[in-house]
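Asker: Just need the whole structure built from these sequences, with the hints factored in.
Residue numbers (my numbering), protein chains in the order written: chain A, 1 to 506; chain B, 1001 to 1314.
Hints are computed from structural coordinates only; laboratory data are not their basis.
Treat the hints with caution; some may be incorrect.
Said to hold, decoys possible - Distance condition first, Cα-Cα at most 25 Å in a straight line; then the derived DSS-like pairs of lysine-lysine: (1) K1152(B) with K1261(B); (2) K1008(B) with K492(A); (3) K503(A) with K1261(B).
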Amino acid sequence: MTSRSRVPFYIAIFLLISAGVSLAVWRHVELGIPWFGGEQQPVWMVEARIDFDGTGSPVLASLNIPDAPPGFRIISEQAASPGYGFSIVEENGNRRAEWSKREVTGPQTLYFKVQVVPNDSALRQAPRRAPRPGPAFWEEPQATAVEEILDQARSRSSTPESLTRELIKLLQPDNRQVQNTTLLVSGANYLNLLTRMLNHTGIPARTAEGLYLEDARRRQDLRPFLQIYDGESWLTFNPRNAEQGLPENVLLWRQAAVSLLDLVGGDDSEVSFSMLRQTIPALQLAQAESGQTGLGFLSLYQLPIEEQGMFRMLLLLPLGALIVAFMRIVIGIRTSGTFMPILIAVAFVQTTLVPGLIAFVSVVSIGLLMRGYLSSLNLLLVSRISALIILVIFITAALSIVGYHMGFNTGMTVTFFPMVIIAWTIERMSILWEEEGGGEVLVQGAGSLFVAICAFLAMSTPVASHLTFNFPELHLVILGVILLMGQYTGYKLSELQRFHPMKVYD
Amino acid sequence: MGWISPFKLNRLGMLNMNRRNVDYISRYNSRASYPLVDNKLKTKLVVAEYDVPTPKLLQVVRQQHEISGFKAMAEDMERFAMKPAKGSGGKGITVISGREGGQFVKASGAIVPLSFLEIHLSNILAGLYSLAGTPDVAIVEDLVESIPGLAKYSFQGVPDIRIVVFQGYPVMAMLRLATKASDGKANLHQGAIGVGLNIANGRGLNAVQFNRPVSNHPDVGLALENIVIDDWDLMLAMAARCYEATGLGYMGVDLVVDASKGPLLLELNARPGLAIQMANGCGLLPRLQTIESLRRPHFTPDERVKFVKDAFGA
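Answerer: Below, the structure written as structure tokens:
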């Protein structure tokens, strides 16, 4: 018999552990699942309000709504408008919210709420189809003026971006020394003119509208922005000061669409916005989004809440197993029953430590006394254990009732203990008592309780329950460590004490 | 409470539990051979083919209903040991050393009624003492009469000799003496005394109880120096032959010396304990590694015995 090489084993362990860690990191980065439970994330709640007067005819109100706004991620959308039919439709690449109603009279109000979170990774997005510059026709004498201004701007610039910036500067009122400019610009049509001129030079340009996000503002209006296409994505400019780039706190509400609101069957329409900054736990945010991304299938958030609760408990067990393995393999603590401590620890998680300890010790000691009587009855093993299970249930019931009448709710928590395991523990300890004496029972009982308490302390930390449930892949790491421990051939801590008389032979 | 540094233990070549399990038991003991040693009935049958004698089998109780017939069969049995076939660590062994009226006298001197033995049989059959709690059979064997030369060192129980056999080479041996603390049983963790034996000649080296060195037996008071085991070569050869019988690469062989029948095999153990190193005052690892590094292993039990006597004689 030869010893097989352990290298493949260690490689497998390494792969297992690195797979667990990298999967967890990946999910943290991609889904934003936080490493710790308490993290908060800012969320903007923006509400669009449409007011109009109904004229007694059927109404169709169509509001442009944000579609992948740069720098933000939409996490929820919601409309509030009693009596209206509502749907979100996509036409020509625009997302629009549509309300409809057969007969409408008098003042009406419609609401549309959207929750967005700042998200840097969504800053630059390539459009699905590369846009082309729109048509631009000029009549004399405008055509000459436009050419002249464009020539000036071109001579001072090298790229579409710099051309845009120069053009904006040239068109500013304080810069209009040239008569050409005054001829063209006449107040309201300024932005329109700008886009037409840019399109004329062959740069795709369009107008967009955005909201400055400030906490608890009401009755806000959209501000205009200029966007040009540089061949990869849309770049945003402030049309007043030629500042390039979108300010961090601006949410672009309308980008591709031509109109903000189309209303049929109403008069005096008005759209206004209000906004609120909220914070929600980062975890809740990740859960809300998990369904939307491809990685979501790896998480347990999709399960019904009841199953999630069960898994929350189940996924703590590997941690307990790790601790039991460590205590037995490396420390060398003797326990009664290999994994009994984990089950006791799980019960402690439900009951909290001190009441659980009191309940457990009292059930086991009362059970040991009763087992003493059972052993004198000369029963077969199976029926003795069965009888013991029933007795254990009686004991827990009695403890619960007595505890309740004495005003301790903790008495009731006894029911969380696994009855069958307790029955077996009592049986094993009783045999141990007869064969090895009370000392060994105390040693093993104390060892079991010590390991159970350690496992409980590890399992009950918020970090542990957060990590095990939200990053189930970390169990691969635990598995790897347990497998590694299975190869540990060094001395146990207890052996250093056990073998100490060997000192004399050294 | 004393402590010893792991480096010192390493230097002494002390085999520890994790290493025994990973590097020796799981590597050299094939799972398929376990039933042979975990079931004393099977052990008896298989070693008999290799000329290894065992105590005479008086009776086997396999079924619950056979227990009622035990009384009739026990009538002409004076001295016997009742064991679970799949017991471990000496658990569930009851030794009856005589009769007193209708009652039985235990090795400890306690007098028990027939019903006690019947309960005990019932417990054995239900699997209370078996390794995995599986149903078991009870075997009743002739009680070994230890030779007086050894028996005088033991409190009540029969002294037995544990030999660790690695790949057929008897590598280390110790004598186990029952004490009051061990309730007449020869298990070291229950308080029996372990006396390390020189593998070359069967002479006592030093003695420990509860892992601590002792010089005199606490109950019978005799000095534990200068114990000599007779028939030592025969016992080594018997132990070595058990390897051929079971195929287990790393095992403990428990032998007793009967006054009339000579050395007998009591049981085999696929997971022998580590205390034998304390009794011998030296670690197992150097010896195991010597055997592992042998280029040409010896094929007959006698050659192997000769090799270890030369190589490991203290």
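Asker: Now look at each hint and say whether the structure bears it out.
Answerer: Hints, one by one, checked against the model:
A C-alpha spacing of about 18 Å is found between K1152(B) and K1261(B), which places the hinted pair at or below 25 Å, so the restraint holds. Of the supplied pair hints, the one linking K1008(B) and K492(A) holds, its CA atoms being roughly 14 Å apart against a limit of 25 Å. With a C-alpha separation of about 40 Å, the suggested pair K503(A) and K1261(B) falls outside the 25 Å cut-off, and the hint is violated.
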